[in-house]
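Colleague: Residue numbers (this note's numbering), protein chains in the order written: chain A, 2 to 176; chain B, 2 to 176.
Hints are not guaranteed to be accurate.
If chains are identical, the list can't say which one is meant, so a pair holds when it fits in one copy or spans any two.
Said to hold, decoys possible - Here are the simulated EDC-like cross-link-like pairs (lysine to aspartate or glutamate), alpha carbons at most 16 Å apart as the crow flies:
#, residue 1, residue 2
1, K37, E95
2, K114, D86
3, K47, E95
No lab work stands behind these hints: they were computed from the structure.
There are 2 protein chains.
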Amino acid sequence: MERKLLLLGLLRMHSMHGYLVLEHFESRAAMPITFKKPTVYNMLSKMKADGWVVVREEQEGKRPPRSVYEITEAGEAAFQSLLRDEVGSYTEAEFPSVVSLAFLDLLPRHEAKVLLEQRHAQIEDRLREVNASIGELDMPIHAGSALLPLRYLQRHYMAEMELLEDIIKGLSEIE
Amino acid sequence: MERKLLLLGLLRMHSMHGYLVLEHFESRAAMPITFKKPTVYNMLSKMKADGWVVVREEQEGKRPPRSVYEITEAGEAAFQSLLRDEVGSYTEAEFPSVVSLAFLDLLPRHEAKVLLEQRHAQIEDRLREVNASIGELDMPIHAGSALLPLRYLQRHYMAEMELLEDIIKGLSEIE
DNA sequence: CATACAATAGTCAACATTGACTAGTCACAT
DNA sequence: ATGTGACTAGTCAATGTTGACTATTGTATG
Numbered sequence: 002m003e004r005k006l007l008l009l010g011l012l013r014m015h016s017m018h019g020y021l022v023l024e025h026f027e028s029r030a031a032m033p034i035t036f037k038k039p040t041v042y043n044m045l046s047k048m049k050a051d052g053w054v055v056v057r058e059e060q061e062g063k064r065p066p067r068s069v070y071e072i073t074e075a076g077e078a079a080f081q082s083l084l085r086d087e088v089g090s091y092t093e094a095e096f097p098s099v100v101s102l103a104f105l106d107l108l109p110r111h112e113a114k115v116l117l118e119q120r121h122a123q124i125e126d127r128l129r130e131v132n133a134s135i136g137e138l139d140m141p142i143h144a145g146s147a148l149l150p151l152r153y154l155q156r157h158y159m160a161e162m163e164l165l166e167d168i169i170k171g172l173s174e175i176e
Numbered sequence: 002m003e004r005k006l007l008l009l010g011l012l013r014m015h016s017m018h019g020y021l022v023l024e025h026f027e028s029r030a031a032m033p034i035t036f037k038k039p040t041v042y043n044m045l046s047k048m049k050a051d052g053w054v055v056v057r058e059e060q061e062g063k064r065p066p067r068s069v070y071e072i073t074e075a076g077e078a079a080f081q082s083l084l085r086d087e088v089g090s091y092t093e094a095e096f097p098s099v100v101s102l103a104f105l106d107l108l109p110r111h112e113a114k115v116l117l118e119q120r121h122a123q124i125e126d127r128l129r130e131v132n133a134s135i136g137e138l139d140m141p142i143h144a145g146s147a148l149l150p151l152r153y154l155q156r157h158y159m160a161e162m163e164l165l166e167d168i169i170k171g172l173s174e175i176e
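With the sequences and hints as input, model every part of the structure.
Modeller: Next comes the structure, spelled out in structure tokens:
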């Protein structure tokens, strides 16, 4: 559902063609979820069937025609209703990465340390990306809720890295 | 993959029949991911095909026979390899719940506040569940890595609640 | 004795997601 | 002129996940 909300939310701001939509969703540039092209087209066609969006063919010069998706009134109504549902209820996140930590003490200390440092470096990279995204946006200072997801990711990555540092420190201490 | 790791990790400790496995996975009692019955049986049958587990029929009294799944040497090898892969690499978590927060400023302040308080209450419930799970385990003080996932969830829920409190406070402030 | 519920084992069809593929235009460098 | 890569629009088959369903036996309750 949150995917639909997000897609509708985008189309609400600007009608757009599929390719542009994809740019928003195929990386975590702005949101803590991703989805791929076939998913987008699939959702778009379902929304079309439901009357939430309409498609306009737009011919610009001799370029191949672009399908521009535009939200309808029914779509706007759906958006409003989804929004309230979603804000008012909490959907669990899954943390696949945490599972393996449960078995950490099966690994020799040294090996565990090396592996956790690898993991740490990867998270650092993600954090850098998010920071870059935030930089690019150069929002006004009081940027509203649109920035929240990115700030959320920032926090999350930092917490994740701290946890790893703690674990690594714990491993290094000779008992 | 982390699902396989987890399943193998369980079977490594005790051979068990499907029903017991399910108890572990259908709630978040011990892990920050869940999966449902058909998924478990599906994985189990794949692992059987791969030679990672074998099934023994166990007849106890006149009860219907129970299929006990037992890890093989190949399964143990797979576990070891998966474990290293997973510890050393970070898999992104998705945060479906955060999406809707991006559109928060479309809602009237008061409504937003009410909805966020609902959400807050739900997270509080989850936290209580996790706390209960930790209590039940009554692990030895130096409980190893097995507790990590639950502690992780604790922290996560608490961070989530703090964030909500901040947002709510921000909404209440009259400008 | 009947009835219901927990323990046990699974299956099946539907749905969501994705990797890999096709296909055409345009701008630019070689 | 030729090739390369970005822009644009999708599709298809495979995979993973799940809701809902079917069965059987044992135990407790009315």
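Colleague: Against each hint, give a clear statement of whether it holds in the structure.
Modeller: Verification of the hints:
no.: 1; hint: K37 x E95; result: between (19 Å within a copy, 14 Å between copies)
no.: 2; hint: K114 x D86; result: between (43 Å within a copy, 13 Å between copies)
no.: 3; hint: K47 x E95; result: neither (26 Å within a copy, 23 Å between copies)
Of the numbered hints listed earlier, the single one contradicted by the structure is hint 3.
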